[in-house]
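**Q** Both chains are given apart, each in its own frame, so use the hints to dock them into the complex.
Below, each chain spelled out in residue letters.
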Amino acid sequence: MRLEYFQLIDRIVELDLSGRTIKAEATVPTASTIFEGHFPGYPLMPGVLLIETMAQTSGWLVVAINNFTRMPFLAAVKDAKLRTFVTPGQVLSVTAELTHDGSGYAMTEAHIKANGKAICDATLTFSVMAFPNPEMEKRMRATAALINFPTGAPANG
Amino acid sequence: MSSTFDTIANIIAETCDIPRESIKPESHAINDLGIDSLDFLDIAFAIDKAFGIKLPLEQWTQEVNDGKATTDQYFVLKNLSARIDELVAAKGA
Chain A
10 MRLEYFQLID RIVELDLSGR TIKAEATVPT ASTIFEGHFP GYPLMPGVLL IETMAQTSGW
70 LVVAINNFTR MPFLAAVKDA KLRTFVTPGQ VLSVTAELTH DGSGYAMTEA HIKANGKAIC
130 DATLTFSVMA FPNPEMEKRM RATAALINFP TGAPANG
Chain B
659 MSSTFDTIAN IIAETCDIPR ESIKPESHAI NDLGIDSLDF LDIAFAIDKA FGIKLPLEQW
719 TQEVNDGKAT TDQYFVLKNL SARIDELVAA KGA
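Protein chains in written order, with our numbering: chain A, 10 to 166; chain B, 659 to 751.
Pulled out of the complex, with its shape left as it was, chain B reads as follows (with noise of 0.2 Å):
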């Protein structure tokens, strides 16, 4: 069974024509990465299907704005699996 961060990865790599070596736990999705917000919503769309999730993009990103969190909490891969980790956890509560 693959872990979080490599379904993510794997996601990115095939959605995004990325190498999938160069896609690492520390990999930030933006800033290392350069995935787009029009790319990033299809990676959103494989996660919420492959996780049976919704991924608060909204929230995050208003957060983000506020200066209430920072881009590394969500889009650091690492950090955007162990998110990931906590919706499905919530799902199954």
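Chain A with its partners taken away, still in its complex shape (with noise of 0.2 Å):
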């Protein structure tokens, strides 16, 4: 994780696009100036940091399914339960399945494991739009890279 970026997943570990899952790994850091203040004397990652950790995951999930012409903004947060204490150092496994794929928005089912011992999930519903500019894309793209998103995967798996 690069909370200082907002970007909360390290890497994309799996993409089945024909099973519409992913799995990504983010590694919770071991210093970060949120810990100061959440909590002092008791660094917990944020309950809203792992939903946005969920968030990214399925987004990834919908931008690759849309193979990179559509980008989703999160709309709706359902039923998100944190489950336990996640701390600093922590491996985390993030798996997304996309439930629903309608016109112009997406649901997802997102779930974070540590050590296989449930953290959190939660139902996420995306807007899916057309990318607002040119220079998101971009960017959106070289973060792909950073993240080792499989460009170049045919849509339909």
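Heads up, some of the hints might be wrong.
What the hints assert, rightly or not - Here are the in silico distance ranges between beta carbons for each label pair:
hint	chain 1	residue 1	chain 2	residue 2	range
1	A	Phe-15	B	Asn-723	25 to 35 Å
2	B	Gly-750	A	Thr-78	23 to 33 Å
3	B	Ser-695	A	Thr-132	10 to 20 Å
4	B	Ser-695	A	Phe-94	32 to 42 Å
5	A	Asp-25	B	Asn-689	35 to 45 Å
Don't read these hints as lab results, they were simulated from the structure. Fair warning: this is a prediction, and the values are worked out from it, not measured in the lab. Beta carbons are placed, not taken as given, at the ideal position from N, Cα and C, and that holds for glycine.
**A** Shown next as structure tokens:
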């Protein structure tokens, strides 16, 4: 994770376009100014950032399924459950499944585990639209390269 | 077997917590029922699932934005029901 850049996942480790699933890994940094406030003397990964981690993983799945022609924006978070504390240095396994590919929107079910133990899960809704400008697409492609996004993968798996 | 309108009205009532009796075939989802775009995504999702279709929301929105259609054509519920019936028929054709 590069929290200062709001990059919550380190790498995509599996992408199954036909099964419409994705798996990513993320290591919580051992040090961050965020932990100075959350919480003083008891550093915990904020739950909202865990939700964002699930959203980013889901988002890359939506990007892949749309062959990098569309950009998902988080629109709704339902049934979010933060099941246990996450501490600095923990390695997280993030999975998401596209449960519905609507017209201009998408829904996913996302989960985070650590050492096989459930950390959190949620149902996420995204508005899916054309990239607002070429610069954003360019930067998203640059980020994709950083996290092992499999560029060139066929849209139909 | 309930009608398309009844199915839609039940979905709207449940999704948006709107009294079922206030939802009429002449109701405009946005102007009369006050459903916003985010709530409509939930409704679209439920409709897609219930009827096994994919409501072409992007196409409809584009047509409205381009002045080629009015929101009444797609969001007055009796008209929405007719559009859904067409999509279901096209799927089975």
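**Q** If any of the earlier hints don't hold here, list their numbers in rising order.
**A** Per hint list: zero violations.
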